[in-house]
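**Q** Below, each chain spelled out in residue letters.
Number of protein chains: 2
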Amino acid sequence: MQVKMAKNYGFCFGVKRAIEIAQRNRDSLTLGSLIHNPKEIERLERDFDVKVQEDVSAIEPHKSVIIRTHGIPKGDLAILKEKGARIIDATCPYVIKPQQIVEKMSAKGYQIVIFGDANHPEVKGVISYSSTPPLSINSLEELQVKKLSKKVALVSQTTKQTPKLLEIATFLIARCAEVRIFNTICNATFDNQEAVKELSQEVDVMIIVGGKTSSNTKQLFHIAKGFCADSYLVEDAQDLDPQWFKNKKLCGISAGASTPDWIIESVRERITTF
Amino acid sequence: MQVKMAKNYGFCFGVKRAIEIAQRNRDSLTLGSLIHNPKEIERLERDFDVKVQEDVSAIEPHKSVIIRTHGIPKGDLAILKEKGARIIDATCPYVIKPQQIVEKMSAKGYQIVIFGDANHPEVKGVISYSSTPPLSINSLEELQVKKLSKKVALVSQTTKQTPKLLEIATFLIARCAEVRIFNTICNATFDNQEAVKELSQEVDVMIIVGGKTSSNTKQLFHIAKGFCADSYLVEDAQDLDPQWFKNKKLCGISAGASTPDWIIESVRERITTF
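Those sequence lines, one after another, are chains A and B.
Counting from 58, one number per residue, gives the positions in the first sequence under our numbering.
Counting from 58, one number per residue, gives the positions in the second sequence under our numbering.
Among the clues, some could well be false.
[Said to hold, decoys possible] Pairs of lysine-lysine, PhoX-like flavour, derived with a Cα cap of 25 angstroms: (1) A:K208 / B:K154; (2) A:K154 / B:K165; (3) A:K221 / B:K207; (4) B:K221 / A:K207; (5) A:K165 / B:K165; (6) A:K208 / B:K269; (7) B:K221 / A:K165; (8) B:K208 / A:K161; (9) A:K208 / B:K61; (10) B:K208 / A:K165; (11) A:K161 / B:K161; (12) B:K221 / A:K154; (13) A:K120 / A:K138; (14) A:K120 / A:K181; (15) B:K275 / A:K165; (16) A:K208 / B:K207; (17) A:K203 / A:K221; (18) B:K165 / A:K161.
Note that these hints are calculated values from the structure, not bench results.
Construct the complete structure from the given sequences, taking the supplied hints into account.
**A** Structure follows, in structure tokens:
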């Protein structure tokens, strides 16, 4: 099987940075998974003694705690400070931005609209920075039933798709006197998405490598599926099913922003054997 | 010929207000036409001695000067003040808004984008309130070749169509870190447009009554034409051509925001005789 890699794929700047931070801080905890990739989390625990703790109240005083790429809610940060934790901030700078915007705009009296998945850790963190109850919506349909103020500020989860953000912005502009739109979608996400769009149109089968809970990985898969019916999402080489490649000539490969190169490489190698 | 009036048409709040102001201020000048309707301007001159002066430098000291609905450039206002003119402000409050926004946003360092016709008096006025050179664009195509800043504030000429504003906003949001969008399109315009859209789909022939230099009248005509090929723009009953109504059953009528009721009524009456 012949393979072709997407023009852009895999680790983004924020993830690379967080992993380097974790590797420099052996024997520390991360509050929640550092990144959304179980295999890489296993490697960090095995090789660097960096363990995941999901529950902030269970963290012992004065521990070294790494803040994950997605950030954490303001309240959790306060608890860590109370516990005298040594806080190592690996929050992606692109995630800190919407947190700061929401804090500032809510203080200025703007109604906050957050386009994102309210259950995603990044969005939970961003929501916590609003001093007034924000509207957190994951689709235009969800927004359509909400009561809007005259002055609205809109931010987006960093991994959302730009066309969807534009749809939401458009809805608001037609209804509000002032809409302040902060395009907080990350370029790395956009570049990976554009590359998948391109590649999935020229291949017979498309493989997206990444964590099944990773928002940006799921989106890459969704985009690929739109252009190439035979698209599959795998976490590693073991998930590959030889049946997928029967009678196919060219396989495209891309990977989510939290997928390490060593996993992508093993998937690529395995596919070439089919 | 049977006629049907649009649900909303004719004089808007700002125009009604300006005419009342003019009628209360006999023997005054307006700097440029008070509203974009030559017949009504004639009536004000004939019945109330309100004359039009196009050239600010030609105005004698200490005259009573009415500021037109569209507003005037900041520089012209300064000249009037120097001349000791008694200034009577009939600028539409919906036009004052984009002037104020542009003044404030340019002072705060936002690049100003004005969606409007740079030759229209309203837009000339709004442009003059920017402390930095604004981008004044009349279409998305014009914007596409401009250099954009990271932080942009967008306002619109009050008589523009919302879908076009949304197109321009969408373009900016995808390219700028922050876009502050002020929907300064006037509801009256929108309501008249929606009513024309509806009515022009159910009639055989559509008549739009208004000044041929009136931006909002021209837009009503443009919308009507999109749904009803036999649409015509007339300034008064004399412009009506009986040929237009041959073999037609139902004629729709609408009128621009600066068209007085007495003109609309005479057009309606005439059409019923065909």
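**Q** Run every hint past the structure and note whether it holds.
**A** Hints versus structure:
Taking the CA atoms of K208 (chain A) and K154 (chain B), the gap is near 15 angstroms; set against the 25 angstroms cutoff, the hint holds. Straight-line distance between C-alpha atoms of K154 (chain A) and K165 (chain B) comes to about 20 angstroms, which keeps the hinted pair within the 25 angstroms bound. A distance of roughly 21 angstroms separates the Cα atoms of K221 (chain A) and K207 (chain B); the hinted pair therefore holds under the 25 angstroms criterion. Restraint check: the Cα-Cα separation between K221 (chain B) and K207 (chain A) comes to about 21 angstroms, which is no more than 25 angstroms; the hinted pair holds.
A distance of roughly 15 angstroms separates the Cα atoms of K165 (chain A) and K165 (chain B); the hinted pair therefore holds under the 25 angstroms criterion. With a C-alpha separation of about 36 angstroms, the suggested pairing of K208 (chain A) with K269 (chain B) is violated against the 25 angstroms cut-off. Distance check on the hinted pair: K221 (chain B) and K165 (chain A) sit about 29 angstroms apart at the alpha-carbon level, beyond 25 angstroms; violated. Simply put, K208 (chain B) and K161 (chain A) have alpha-carbon atoms about 16 angstroms apart, close enough for the 25 angstroms limit, and the pair holds.
For a cut-off of 25 angstroms, the pair hint linking K208 (chain A) to K61 (chain B) is broken: about 38 angstroms separates their Cα positions. A hinted pair counts as satisfied when its Cα atoms are at most 25 angstroms apart, and K208 (chain B) with K165 (chain A) qualifies at roughly 18 angstroms. In summary, the hint linking K161 (chain A) to K161 (chain B) is supported, as the alpha carbons are separated by about 19 angstroms, within the 25 angstroms threshold. Annotation: proposed proximity of K221 (chain B) to K154 (chain A) is violated, straight-line Cα distance about 30 angstroms (limit 25 angstroms).
A distance of roughly 11 angstroms separates the Cα atoms of K120 (chain A) and K138 (chain A); the hinted pair therefore holds under the 25 angstroms criterion. Restraint check: the Cα-Cα separation between K120 (chain A) and K181 (chain A) comes to about 23 angstroms, which is no more than 25 angstroms; the hinted pair holds. Annotation: proposed proximity of K275 (chain B) to K165 (chain A) is violated, straight-line Cα distance about 40 angstroms (limit 25 angstroms). Distance hint between K208 (chain A) and K207 (chain B) is fulfilled; the C-alpha atoms sit about 21 angstroms from each other, no more than 25 angstroms.
For the suggested pair K203 (chain A) and K221 (chain A), the alpha carbons sit about 17 angstroms apart, so the restraint of at most 25 angstroms is met. Note on K165 (chain B) and K161 (chain A): the hinted pairing holds, with a Cα-Cα distance of about 16 angstroms set against a maximum of 25 angstroms.
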